[in-house]
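Go ahead and model the full structure; you've got the sequences and the hints to work with.
2 protein chains.
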Amino acid sequence: MIKRNLYTLFFASISSICLANSTPQKPNIVLIFSDDAGYGDFGFHGSTSVKTPNLDELASGGVKFTQGYVSDSTCGPSRAGLMTGKYQQRFGYEEINVPGYMSENSALLGDEMGLPLDQKTMAEYLKEQGYTTGVFGKWHLGNADRYHPLNRGFDEFFGFRGGDRSYFPYTPEQIKNGNAQFPDKRLERGMGVYEEHEGYLTDVLGLEAADFIDRHQKSPFFVFLSFTAVHTPMQATPEDLAQFPELSGTRQELAAMTLSMDRASGYVLDKLDELGLADNTIVVFTNDNGGPSDRNASNNAPLAGTKSNFLEGGIRVPFLMRWPDQLKANQEYDYPVSTLDLLPTFYAAASNTVQKKDKLDDIDGVNLLPHVKGMVSERPHQKMYWKKETRAVVRDGDWKLIRFPDRTAELYNLAKDIGEQNDLASVYPERVASMYKDLFKWELTLERPLWLLKRKYENYDISRMDKYRLPAVQP
Amino acid sequence: MIKRNLYTLFFASISSICLANSTPQKPNIVLIFSDDAGYGDFGFHGSTSVKTPNLDELASGGVKFTQGYVSDSTCGPSRAGLMTGKYQQRFGYEEINVPGYMSENSALLGDEMGLPLDQKTMAEYLKEQGYTTGVFGKWHLGNADRYHPLNRGFDEFFGFRGGDRSYFPYTPEQIKNGNAQFPDKRLERGMGVYEEHEGYLTDVLGLEAADFIDRHQKSPFFVFLSFTAVHTPMQATPEDLAQFPELSGTRQELAAMTLSMDRASGYVLDKLDELGLADNTIVVFTNDNGGPSDRNASNNAPLAGTKSNFLEGGIRVPFLMRWPDQLKANQEYDYPVSTLDLLPTFYAAASNTVQKKDKLDDIDGVNLLPHVKGMVSERPHQKMYWKKETRAVVRDGDWKLIRFPDRTAELYNLAKDIGEQNDLASVYPERVASMYKDLFKWELTLERPLWLLKRKYENYDISRMDKYRLPAVQP
Chain Z
28 MIKRNLYTLF FASISSICLA NSTPQKPNIV LIFSDDAGYG DFGFHGSTSV KTPNLDELAS
88 GGVKFTQGYV SDSTCGPSRA GLMTGKYQQR FGYEEINVPG YMSENSALLG DEMGLPLDQK
148 TMAEYLKEQG YTTGVFGKWH LGNADRYHPL NRGFDEFFGF RGGDRSYFPY TPEQIKNGNA
208 QFPDKRLERG MGVYEEHEGY LTDVLGLEAA DFIDRHQKSP FFVFLSFTAV HTPMQATPED
268 LAQFPELSGT RQELAAMTLS MDRASGYVLD KLDELGLADN TIVVFTNDNG GPSDRNASNN
328 APLAGTKSNF LEGGIRVPFL MRWPDQLKAN QEYDYPVSTL DLLPTFYAAA SNTVQKKDKL
388 DDIDGVNLLP HVKGMVSERP HQKMYWKKET RAVVRDGDWK LIRFPDRTAE LYNLAKDIGE
448 QNDLASVYPE RVASMYKDLF KWELTLERPL WLLKRKYENY DISRMDKYRL PAVQP
Chain L
28 MIKRNLYTLF FASISSICLA NSTPQKPNIV LIFSDDAGYG DFGFHGSTSV KTPNLDELAS
88 GGVKFTQGYV SDSTCGPSRA GLMTGKYQQR FGYEEINVPG YMSENSALLG DEMGLPLDQK
148 TMAEYLKEQG YTTGVFGKWH LGNADRYHPL NRGFDEFFGF RGGDRSYFPY TPEQIKNGNA
208 QFPDKRLERG MGVYEEHEGY LTDVLGLEAA DFIDRHQKSP FFVFLSFTAV HTPMQATPED
268 LAQFPELSGT RQELAAMTLS MDRASGYVLD KLDELGLADN TIVVFTNDNG GPSDRNASNN
328 APLAGTKSNF LEGGIRVPFL MRWPDQLKAN QEYDYPVSTL DLLPTFYAAA SNTVQKKDKL
388 DDIDGVNLLP HVKGMVSERP HQKMYWKKET RAVVRDGDWK LIRFPDRTAE LYNLAKDIGE
448 QNDLASVYPE RVASMYKDLF KWELTLERPL WLLKRKYENY DISRMDKYRL PAVQP
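Sequence lines, in order, name chains Z and L.
Okay, so the first sequence: first residue is 28 according to the numbering used here, each after it adds one.
Okay, so the second sequence: first residue is 28 according to the numbering used here, each after it adds one.
Because the hints were derived from the structure by calculation, they are not lab data.
It is possible that part of the hints are untrue.
No copy is singled out in the list; a pair is fine if it fits within one copy or between any two copies.
Said to hold, decoys possible - Calculated pairs, BS3-like style, for lysine-lysine (alpha carbon to alpha carbon, straight line, at most 25 Å):
| hint | residue 1 | residue 2 |
| --- | --- | --- |
| 1 | Lys464 | Lys481 |
| 2 | Lys147 | Lys386 |
| 3 | Lys468 | Lys494 |
| 4 | Lys147 | Lys481 |
| 5 | Lys147 | Lys78 |
| 6 | Lys468 | Lys483 |
| 7 | Lys443 | Lys494 |
| 8 | Lys443 | Lys355 |
| 9 | Lys212 | Lys410 |
| 10 | Lys383 | Lys147 |
| 11 | Lys494 | Lys464 |
| 12 | Lys400 | Lys147 |
| 13 | Lys147 | Lys355 |
| 14 | Lys384 | Lys400 |
| 15 | Lys78 | Lys53 |
If you want it as structure tokens, here you go:
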């Protein structure tokens, strides 16, 4: 990232002369987002079986958040929170939106389930700041045209509207025989132009994002690189599989898919270096929700739980931020942060209000920059919340209260018990009582859900949680 | 009721000769339903300030259920359970349906909220058995024509489609200036013929029901006399108010309205006597949910809680059944029963399967007759359930577990603690754990809700519960 070509250096010098003592150049922003990855399946989190050399280098070049959270343990709601900086339940995006999985009693169904149009997205905020915006990969915020990325603040889109798809191109015959859900699985360039890729999807997404950077290197840009890796279907290339001869089965697929995702991230990081843009580019890597270990053999070590439940394994995710011009390398930041914070953080960077502690109006996330720059010593969030119908969590400091439909609430001190094994609810009944009140007070600020999963999935989620109730260990 | 005119006696004798050893004559069925009445506001429950002489006589002529329950603590869902014999959450009727109170995120809104058409009603079951069916008063199971009583098994309707209305006739000017909700508050005869009554509504409903009995005395009939008394608006006649000079304000209105409801019930009971039909008529009196003491000054003594919460005061209701030909007078039945039981009970009586313990297919209620006739000694229900989103209850025997959104679950032994003052959750953690599992298992059998209240009403309900958390005492 310290490589700069002469042209860029020259241009930067001219700029700083022309703009002396005026507004500094807006940083570029690259948000790399993996899908269903396990907390423990990264080199920078100690994995030895899964290899992520590019992301490990990214981690060492900036800030590693040890307590990074998403606002839900499933894809759609988590992305809705990410894109708006708000608890998504505030606008009814409480449950995951997957055609075929929903109760017929939902207000919205099928392609109509999407990020409500009165919600302003991260891309819209950044466009207002003069950014060119592009999203590459999975959208999952609504299949109908009105929810399309190009209608939600993005200038460019190469990806698909739904929640998952094949890593390899669909054949003309598969497309012809596809069921009703098929259109949201097809790759689309811009809006309405469907074209299957060549090769392996993860690589293609990284190359497309790098190409976007190449084309927009002169303007501040925002790239949302939204991988499907390592969501099912478990499909890797023979070359990547061959890198893990010691593994087998789904775990081998997972490791190979993660390697490809790391490599594709590298295409983008290399492009930033090549163009001399790395120092003034914010690169964030994070992941939409905890690994569904039973589906993709992901490992959430040292956490208990998985995707679709509110144990740490469902909501705590890898979370890295690099911005060489502003943030020191090799940092760890240990207070809890959230993907809700990315919108206000990016906005602060884009609008040159990096040092401001203020929240954006009506946004739940906070600008993390004063915190990671050491200008502010308190926690970004004293309290954080999660909810899906009866299941809900409030975290207050290091205390976490979990409300369940089928058992009494549990209380954990995460500072001493990251694996959530020592339920202290009966030891601290007054703390439980006051945290219950906090949770309910927050719930009252939410809308009712716009769509509803079939009831049976509540059982699915609870059963999966119980199956992974012990902390995962690195394999 | 023991009065019989000679004609009837003669006819009965002829019948029993003609039908010797064959099917007995089907009993008539009269279901009298009050609205928002307090558990303690009946003479037969010990009230001295509120007077119910006709209902007291009804009570002494048959069975008084000391633990009669409704399936919800609000009007609409309770009536949906009553009319179908099923936990109404099984078909999405989980929350009360009141236009203007709903979240815009509901699948159904306004006049579209109603008892789903694939649900078979009590009236439809009885029509199949040859009954002439009539409903008089409040419907509240959907305003749209397709939900209309005449489309749900009733031959006659004189009442209104909504949840409440004035006790006095609307003036032509009021009707002309009425808002959009007004049509479901107007009195309707049959379907689409709107005509305001003369006089005081409660009396009119009683007289209409008596007239129906007069007209259909020869056929088995089913009367659902669905009073609005003692729901708001608090409106009584000067004559009834004058009966309670020792009371004042809303409490005086309540006593006067209750007296009118008792008098109007008397019109029906007298008609049965007059026609010599009382001995083979099942008369049930019950009430849709606990009294909202803050609204109508009702008193739920000796219970804690009110309408819209799941303390006993919200769900335990007055519950009387008289059938002189089959049930001994002056009985008390102390095991819990439910309004869900009325459909299978009536069906068993109508189909001459009084002694059968079997449940109707897919119905949650049970035939109470073998229980009250002493043929079966066990409880009609070992377990009973209530739910509105996170708030939920399971009762198992005399143990009651209440799940809350804002506090830890509470456990009561109702046999020893009818006022729910002694929370035993911390004393019996294993019982709490197993009851929680039972509750969740039941929840998994339910559909998701077809409509959703605005979130703020959850707080309203909780606050009202806390305000009435001590057991009411007779004033």
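Checklist entry - Which of the numbered hints are not met once you compare them with the structure shown? => result 5, 8, 9, 12, 13, 15
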